[in-house]
Amino acid sequence: MQRPVSTLSLGSSVIVKLVSNGFQFSADLLHLTALQLRKETGLTQQEALEVLQAVGRGEGGGGGASMTALDLLQKEEELRSIVTFSSQLDTALGGGIPVGKTTEICGVPGIGKTQLCLQLAVDVQVPQCFGGVGGQALFIDTEGSFIVERAVDIATATVQHCSLLAEDSEQREAVTTFTVETILSNMFVVRCRDYVELLAEIHLLPNFLSQHPRVRLLVIDSVASPFRQLFDDMSQRTRLLNGLAQQLISTATSRDIAVVMTNHMTTRVQGSHSQHVPALGDSWGHAPTIRLLLHWAGARRLASIFKSPGHADATVQYQITGDGFRDVEQSEQPESKRPRTETDQSAASQRDDGVS
Amino acid sequence: MEQLELSSRIRAAARRANLSSVGDVLCFSGRDLQRLTGLSRSDIDQLIQAAAAAASRSRPITALILTRGFESGRRLSLGCPVLDRLLGGGLPVGGVTELAGESGAGKTQLGLQLCLSVQYPPHHGGLGSGAVYICTEDRFPSRRLQQLIGQQRLPTDITCLTFTDQIYIEHTADMASLQTCLSRRVPVLLARGLVRLVVVDSVASLFRSEFQASDWLERTRHLLSFSSCLHNLSQEFNTPVLCINQVTTVTTMVTMVTTASQGPHPLSSSVSPALGLAWANQVLVRLMMHRLQGTVTHGDQSSALRRLEVVFAPHLAQDGRHAAVWTEGVRGLEEDA
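The listed protein sequences derive, respectively, from chains A and B.
Take the first sequence: its letters are residues 1 to 356, numbered as in the numbering used here.
Take the second sequence: its letters are residues 1 to 337, numbered as in the numbering used here.
Okay, chain B solo, but in the shape it has when bound (with noise of 0.2 Å):
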């Protein structure tokens, strides 16, 4: 407030009145304002526009600028070609990524796949920063990550990288330790830069375990201020964030099975991510995982059949590859078996 570039009078009326940020004096219509700090109109006008000046971040810029901009169009890659080629070189920087799925899907995998791929420099399609993995439910699961790392196969040009010291792991069991978490710790990690990727495995645990279904209107509260945080982190550290997020089972209805043969959507699948609308509203690109029918095989390993699904994404037209997960991760089939 007191960096405003403003008369010394005008100040001084706004802090009699309690006016003590920019939001503040935003919050207010100009008549309250007049009425509070007893200035003239033409002294309101120019405090609402100091304070509206203050407070925006940035000035509008042309669309043409941003596609040259430093970050335009920075990808986290997935660590295999076909599922980056799915997702149009991996996942957003700046936005939350929601990846749903029945249990035994793949979810985990991905996401483990995904804290070693972000440790790569960027011409490798990583962001060269390490990854914070918040786990609700289960162990972390590290004996699986040290597979992974030792199956990791280093492009030439690099020499060394020690996966596991830049995997910062958080066990969080109940919502007030998930709420600390997120608002003390992971900024901190993110604003020195010591991460670039910050996956919640899974988002929906405590929320369907601990709320009843009568204290609906409370869990939409804090599933809204859960979501808006994960969202601020992600916008104001242009960090990807990727929530992993159980299925619920949707009772199909008969007018289900007339449009379950125009082919996979989200409303004819017989499931759909937790959580319900309030949650899906704060999420950028809405991916979905299938276990199929079937087996492939890949020299000597075989895995189940899976489906890695785009639900939605402001930049992606809905679309789907097979994919299996193998000892060195999951890996997209090239044609559609």
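Just chain A, with the same shape it has in the complex (with noise of 0.2 Å):
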């Protein structure tokens, strides 16, 4: 491969002594022993070493063997998704969170978005017999609105449902061990007050994932709020963004693990009419693979997808009710039949308070 050898990487010195000796390009060193490598250029044993990891790691593709098309779509199958306990949204998006992929979820403050965090840390646990992932679940907070009591509810809520729907042996077998306290224990939660400590703990997060494998679910609710703060240099957040989002996607596709994150809206000004859109700029909206956008149409919440590669836009109603995150009854139903034109009121009709 013609891969210039100044762009692997290494440390500055080890480069330079490799140019200086003729090793132009990668190639140059794919056939070579470490034991040649040091005769020839005079590095020391381990950093001839990590010359031949880096060429090997350039050649190898990135990481992991490439799988067909068929390998991963029985891989995927394979994969659970993590119920949202509103039967309308898990059937626009295929199932529930899909674990493996990033999501994101959009909306302007009391929407629900924390609710749903905390209704998927409780439901990542729902034990395989009853179709769920059976996982743990690691809470990253920024913003201090991790209520432990909150989830104490949802789990309570969750525990009866699981407990009314136990049918064979297994199930109420798994129903005894099922209770809030295991819940509360299999649920991890770090508290990071800036940009510094949320990147700090995304560097520990392998550590703490080998240390824990059933872990499937992580939450950072929000990404934004420490990324909101003054910045002195935009583009120094965009490139902190940008490596923060490619170290999720690795986490989320190697480990097997739903990332699910916040996102604030914020009121963009486009000549004389504003609009909500979420916030952090257009570049971080690439970096999740789905995203959702809760938001209010007149009384009603509804959530939309609004970038998914596997699913057809849809929108659906919820409705956040003490015992967590549900489908609106099925009496109100019709009501929601319209979605489209009442989003349009209602990004209308938020207009006002955005510019006030």
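None of these hints come from the bench; they were simulated from the model.
Please note that a few of the clues may not be correct.
[Stated by the list, open to error] Derived Cβ-Cβ restraints for the label pairs, each shown as a range: (1) A:T182 with B:S103: 44 to 54 Å; (2) B:R59 with A:Q236: 26 to 36 Å; (3) B:R59 with A:S66: 35 to 45 Å; (4) B:W326 with A:T182: 44 to 54 Å.
[To be verified] One-sided and incomplete, this derived list gives chain B residues near chain A with beta-carbon spacing under 8 Å: (5) L26; (6) Q34; (7) G38; (8) S42; (9) I48; (10) A52; (11) S58; (12) L64; (13) G73; (14) P92; (15) G95; (16) N232; (17) G276; (18) N281; (19) P314.
Note that beta-carbon positions come from the ideal geometry of N, C-alpha and C, so glycine has one too.
Take the two lone chains and join them into the complex the hints point to.
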């Protein structure tokens, strides 16, 4: 491969030694052993090994072996999704929040982003015999909005729901260990106050996940608030966010974890009119695989899928009850059949408070 | 940086590259760090891991431990059982609570009342500490405070509580002095344990008066830094912050009329809290106080009917209670009239 040696992920002194001894491209290094390389360039054993590793990495096409689309499909089918407890949203998402992908939830304050996150952190633990994932959850709280009493409420309702559903002996046995206490003890919470702490936590993630291999859900609530404080250098913010997104995507795919992050909304002014758009800019919009927008339409809460490679755009109605994130009862259903026009109206009515 | 557990070789390389804090290290990608320091890949991994371990203040703990924690479920009582029930015990400790409403709705009354209730010991719903009250629009209503103090009925196990000398009052008439107050004086008071409640009355006035409509972007920048400053204070010192906010009238649209019949709702009401989304994103609990038509009487006193509503909160449902302002303070009405 004609990749210049200077672009390899190596220390500058090593690169200087390589180039000055005539190794211009990574292909020049491919067939050498560490001993030969040391003789040629005067590198130490450790440096030589790192060089060969870096060259090998470049050739391997980025870590894992390539898969056919069929293999990938089978693998994805084995991975279950995390149900949201709103059957309409689950249907729209093809079963729930997918494991192994990144999902972003955007919405105005008070719409229920944190509620959905808490619901997911409980739902990920639903035992496999009930069609759940039976995993653990890590909740990175950057806003101080993780209120444990609320988690207890949602966990209690979920346990009740499962114990009512239990039919065969396997399920009945699973219910005995699926209690509020076990749910809470399988939910890890860490609080980050600023972006440095958030970045640190992401760097420590591989270690944590190795210690807790059952974690299937990572929640960051919210990714926006640490990055919306004053940044002197906006290009640095973009760079950090891109790095963060890369790390999250690789964590999601390599460890089969659903990554869910919440984002604020902000008002974008274009000429004379303004509209609500997700915060953190346009380049961030490419980071999550799925973007879910929660918004008001009058007094009703709607969830819209507005970016997803695998699902059609859809809008469903939901409600936040004492038990958590739920469907709206069937009797009220017909009202939600006209989502399109309602959405436009809500955007129009919110315009005013944004610019006030 | 010097405290990281690293070999002196890596530390020296980091020093040469002008990496003075762990934040600097974490803000560069591994590739950039290699270029800056000239270290090898595995050295950089060590450096990043050490920096990350130093920067993270706490390890993930389970929610079960949180429920058993010392501060778990701690609330600051409003000094009225009816309103406390509405708020699930009171204001959450550690988080910004916003109280919005028209002028005369009773916002300042509730702020004053909290300055007193915070001074009670924990088993009476307080936090056993003082309060700092930041006024940006009016003079601090000290006469009303005196009146409230005179009306306090101390529980029998408390012999002396001198309310006035535990309330610190700041008048800030412009943005600059508000900034100094929040970045210098308030942290000192909090760090010394003299206060455990910050009231800002009101957040809107300065932002609404100092910025023209055309300074929109500048205003948002200031607003973001101000709100994150309050948020950080509240998180760092585990202190409730109450921000009193004005309201702005939402032009009623045709669609509003159809939704208005569906009951109280943030979008269906004709007023909404001022300052827009940039501010609202940082608020944990949003309360609204309305002045309604009608009066209520209690003994020989009469008061305009008011309503305190929870607009959003991560742990509460949307709900509301009627309330009235008496000589002894804001009190919820037992039954919805």
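Okay, the hints, checked on the actual structure:
{"no.": "1", "hint": "A:T182 with B:S103: 44 to 54 Å", "verdict": "holds, 51 Å"}
{"no.": "2", "hint": "B:R59 with A:Q236: 26 to 36 Å", "verdict": "holds, 28 Å"}
{"no.": "3", "hint": "B:R59 with A:S66: 35 to 45 Å", "verdict": "holds, 37 Å"}
{"no.": "4", "hint": "B:W326 with A:T182: 44 to 54 Å", "verdict": "holds, 48 Å"}
{"no.": "5", "hint": "L26", "verdict": "holds, 4 Å"}
{"no.": "6", "hint": "Q34", "verdict": "holds, 6 Å"}
{"no.": "7", "hint": "G38", "verdict": "holds, 5 Å"}
{"no.": "8", "hint": "S42", "verdict": "holds, 7 Å"}
{"no.": "9", "hint": "I48", "verdict": "holds, 6 Å"}
{"no.": "10", "hint": "A52", "verdict": "holds, 4 Å"}
{"no.": "11", "hint": "S58", "verdict": "holds, 6 Å"}
{"no.": "12", "hint": "L64", "verdict": "holds, 4 Å"}
{"no.": "13", "hint": "G73", "verdict": "holds, 6 Å"}
{"no.": "14", "hint": "P92", "verdict": "holds, 7 Å"}
{"no.": "15", "hint": "G95", "verdict": "holds, 5 Å"}
{"no.": "16", "hint": "N232", "verdict": "holds, 6 Å"}
{"no.": "17", "hint": "G276", "verdict": "holds, 5 Å"}
{"no.": "18", "hint": "N281", "verdict": "holds, 4 Å"}
{"no.": "19", "hint": "P314", "verdict": "holds, 5 Å"}
The earlier numbered hints are all upheld by this structure, with none contradicted.
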